[in-house]
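Undergrad: Assemble chain B onto chain A, guided by the hints.
Heads up: the sequence lines are chains A and B, in that order.
Count along the first sequence from 1, add 99, and you get the number used in our numbering.
Count along the second sequence from 1, add 165, and you get the number used in our numbering.
Rather than coming from a laboratory, the hints here were simulated on the basis of the structure.
Since the model is a prediction, treat every value here as computed from it, not as a measurement.
Glycine included, every Cβ here is placed at the ideal spot set by N, Cα and C.
There may be inaccurate statements among the hints.
[To be verified] Here's a subset of chain B near chain A, in silico, CB distances under 7 Å, partners left out: (1) Gly181; (2) Gly205; (3) Gly242; (4) Phe255; (5) Leu260; (6) Val264; (7) Tyr265; (8) Glu267; (9) Phe270; (10) Leu276.
[Said to hold, decoys possible] Rough simulated footprint, nothing fancy, chain B against chain A, three-plus residues with beta-carbon under 8 Å: (11) 125-133; (12) 141-147; (13) 157-167.
[Unchecked claim] Here are some, though not all, of the chain B residues that point toward chain A, as calculated from beta-carbon distances under 10 Å: (14) Tyr198; (15) Arg209; (16) Gly218; (17) Gly223; (18) Pro226; (19) Gly228; (20) Asn266; (21) Arg275; (22) Thr277.
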Amino acid sequence: EDQVTQSPEALRLQEGESSSLNCSYTVSGLRGLFWYRQDPGKGPEFLFTLYSAGEEKEKERLKATLTKKESFLHITAPKPEDSATYLCAGRYNNNDMRFGAGTRLTVKP
Amino acid sequence: NAGVTQTPKFRVLKTGQSMTLLCAQDMNHEYMYWYRQDPGMGLRLIHYSVGEGTTAKGEVPDGYNVSRLKKQNFLLGLESAAPSQTSVYFCASRLDRRVYNEQFFGPGTRLTVL
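So that you can see chain A by itself, here it is in the shape it has in the complex (with noise of 0.2 Å):
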């Protein structure tokens, strides 16, 4: 069975102090690695696709890699509203995802 796993559960940051975050995958029939950030009572919100290993992408203080069996999101001196869940998911067909738990990250002043 396909799987994606994330790693921390929770991760609390001063401001400015700079981490990454987690996501291992099934590596047999990715598609494609997608992360989405979720604020409490709120739906996901897409952030970043990559496809293969080596990808990267960028967003303000975040950066999405990804290598053979590992994908990363780098928070580069985060605030306060960086506060949120993040979750993983990979596409292994056309009609679905396989998503993370996620890391509940909280950003401290």
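TA: This is chain B only, laid out in the frame that chain A set:
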């Protein structure tokens, strides 16, 4: 452009009651999905549709039924609600089958079954 909307936002049911959750999208998307989200678990796919008049089972379909009579609407039905169906339900849509197309999510429906 409202995107993906869900009705209702909150609902409390008693065991055995039935209800229908409505999802609507105004982006002319072909694909639509219903997920449930439980604490400590990822979003799990209940049912999905690849076009008007089509539906298919996802990872956790038992106890749910769906219909897609119009392209813009996707309904999720619970015929006889059980406490195990207490969850937050999200609807999502996607333009078409191309791999790079992301899913757009609605705001969710919080359902409690007593």
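Undergrad: So, for every hint listed, does it hold in this structure?
TA: Structure-based check of all given hints:
no. : hint    : verdict
1   : Gly181  : violated (28 Å)
2   : Gly205  : holds (6 Å)
3   : Gly242  : violated (20 Å)
4   : Phe255  : holds (5 Å)
5   : Leu260  : violated (12 Å)
6   : Val264  : holds (5 Å)
7   : Tyr265  : holds (6 Å)
8   : Glu267  : holds (4 Å)
9   : Phe270  : holds (3 Å)
10  : Leu276  : violated (14 Å)
11  : 125-133 : holds (count 3)
12  : 141-147 : holds (count 5)
13  : 157-167 : violated (count 0)
14  : Tyr198  : holds (7 Å)
15  : Arg209  : holds (8 Å)
16  : Gly218  : violated (16 Å)
17  : Gly223  : holds (6 Å)
18  : Pro226  : violated (12 Å)
19  : Gly228  : violated (19 Å)
20  : Asn266  : holds (9 Å)
21  : Arg275  : holds (8 Å)
22  : Thr277  : violated (15 Å)
The structure is inconsistent with the numbered hints 1, 3, 5, 10, 13, 16, 18, 19 and 22, although it conforms to all the rest.
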